[in-house]
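Residue numbers (the numbering used here), protein chains in the order written: chain D, 143 to 523; chain U, 1449 to 1676.
Hints in this document: simulated from the structure, not taken from any laboratory. Keep in mind that the hints are not guaranteed to be accurate.
Said to hold, decoys possible - Heads up, simulated DSBU-like pairs for lysine-lysine below, C-alpha to C-alpha not over 35 Å straight-line:
1) D:Lys157 <-> U:Lys1668
2) D:Lys514 <-> D:Lys194
3) D:Lys149 <-> U:Lys1575
4) D:Lys391 <-> D:Lys380
5) D:Lys194 <-> D:Lys374
6) D:Lys149 <-> U:Lys1571
7) D:Lys244 <-> U:Lys1571
As the structure is a computational prediction, the values presented were derived from the model and not from experiment.
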Amino acid sequence: MINLAQKDVKYTLGKFLVTAMGVGMLLGIVLIMIGVYRGMMVDAEVLLDDIKADLWVVQEDTLGPFAEASRIHEDFRDTLRVIDGIQAAEALTFQNIQLPKKPKPVRAVVVGYDPFGSILPINQKRMVAGHWLNKDHYQIVVTDKTGFTLGDRIHLVRNDYTVVGVTHGTVSSGGDPLVYVSLKDAQDLQFSYTNNRIRSDRARGFRDTDAFMVNTIVGKIKPGYDVNAVAKEIRRFKHKSVYTAEEQKTILTKNLVERASKQIGMFTAILIAVSTIIIALIIYTMTLEKMKEISIMKLIGIPNSMIIKMIAQETLLLGFLAFVFGNIFSHLIYSKFPKRVVLLLPDAWILFIIVIIASILASLVGIRKVIKADPAAAIGG
Amino acid sequence: MNQKQAIKVENIVKHFGKDESLVRVIEDASFQVDKGELVALVAPSGAGKTTLLMMIGCVEEPTNGTVWLGDKKVYDNKWLTSEIRKIRREKIGFIFQAHYLIPFLNVIENVTLIPQTNGVPEKKANKKAMELLEYFGIAEKAYAMPSQLSGGQNQRVAIARALANDPQIILADEPTASLDIERSVSVVRLLKKIAQEQNVAIIMVTHDGRLLPYCNRVLKIEHRQVVM
């Protein structure tokens, strides 16, 4: 039996492939959008996962340090260390900074930590060169995305910092590259002012007290202790907001990233709808182009089922090829995006199912046209 | 019933529209075409030649009347079968003014499309198609696409397609309209030969009076009536 779809596709192969590529690029963008969403979720958790803290203590009644500004005294770390159930506690600072670089500066998030403390916020597996900080001053660990390499000197505010380590894949919840300096340097960068500003502040009677502030104190729990119980204790008596690792993750993924991810979700949904409409329009146009042949086939007695099969097969093939092209396209370009794009196989399968359903719906438009086609129209009635 | 009868039309009527927009195309037409006959159907433009042809071919539904194809009554004020497309596929061959081949099928696929749809195995259908293509002198073009053939060659493929399902009837709607007189005569002679050799009834719509001498009979539509 002659397969009409196979013959028709073979006859218009170039046009068919270009059409499939066009739809495929659209589907590729859909995959990238899903990948951007996944990337945001991964980025949001990188820092939390690297620090591996059980508790995050922040300024009272804030969602700090990522969702809201938080300032607490550095010495609260010592208070935390003596609370029953706390194994280790360290102070951390976070701030956005522009690293001077030609042709244009690099925006980054600086993490300040105590190089001699008991909690290292750098995941050792992410180190690709050098080492983490081993001095109190003027060392910096950068991520490779900043473009700096080992031994580079970076001038920040009043001092030069030497790159002693390079990491890969460390980004903030916003997707900016992470760099690490010592807590003292970070406090200097964050809370110290220029000489003119200090003189002006002193003239106004202000004291330079901010230099001993940090954004959060993170803690690790001793084995056998319930993290929620320890958090409750700190909340009750120390007038601080305390979040467990899970709660901090929720703040990041739900509060901070949710709106952005919803936005991307909306874009993705719209793109899928647009793709469906485009596939439907293409099939409709392809069917219209064949109306003369369809009328002739109906006139000479070819059953509707054979013609409908042709339209349905072509639509499904178009959808399948577009999906394949979309995957190739997205895998070719995803690494060029400035922020992390995570392409997952389950997402691709879900899109495949959506494309097939969309193709079936789209083919109905062409099939309706076929059923309505008047065989007498072939010869003008 | 006459054993030679291939087409019999009784009191057929065709109207389009209704009330004030009613257009009467055919009124009470009756005629018969026998197997082996080549009959010309002539009339001025817009007189209803193609409409009459399409009613015989089970494409256009008459308003009234009776249509017999061979020994089977297919229309008696309504279609008597739900499988009129199957009747077209199995009993009727169509030839049009243009070749109307399916452009994405090659010559042999165009010729074997209907037999294969009717359930004839591919090998057997191909063998029959090659015989027809040889008969029309275009066997070497069997695997060419219609776009690679001349107009005359395509028209011969279209005739081969019309014959591929061993039809009892061939309905030809101005098959020579786009040909010069020499080629037109050759096509009409070919149709007459087919009618005689394969015992097929052929109705050929034509405007060209020069072709009428080559036909067995002439039917005319005058004042919405079919006259001999």
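Going through the hints against the structure:
The suggested pairing of Lys157 of chain D with Lys1668 of chain U is violated, with an alpha-carbon distance near 48 Å, which exceeds 35 Å. Of the pairs offered as hints, the one joining Lys514 of chain D and Lys194 of chain D is violated, with about 65 Å between alpha carbons and a cut-off of 35 Å exceeded. Using a Cα cut-off of 35 Å, the hinted pair Lys149 of chain D and Lys1575 of chain U holds, with the two alpha carbons roughly 21 Å apart. For the proposed pair Lys391 of chain D and Lys380 of chain D, the alpha carbon gap of about 23 Å is at most 35 Å, so the pair holds.
Simply put, Lys194 of chain D and Lys374 of chain D have alpha-carbon atoms about 20 Å apart, close enough for the 35 Å limit, and the pair holds. Distance check on the hinted pair: Lys149 of chain D and Lys1571 of chain U sit about 18 Å apart at the alpha-carbon level, within 35 Å; holds. Straight-line distance between C-alpha atoms of Lys244 of chain D and Lys1571 of chain U comes to about 74 Å, which puts the hinted pair past the 35 Å bound.
The structure fails hints 1, 2 and 7 (numbered hints given earlier, in ascending order).
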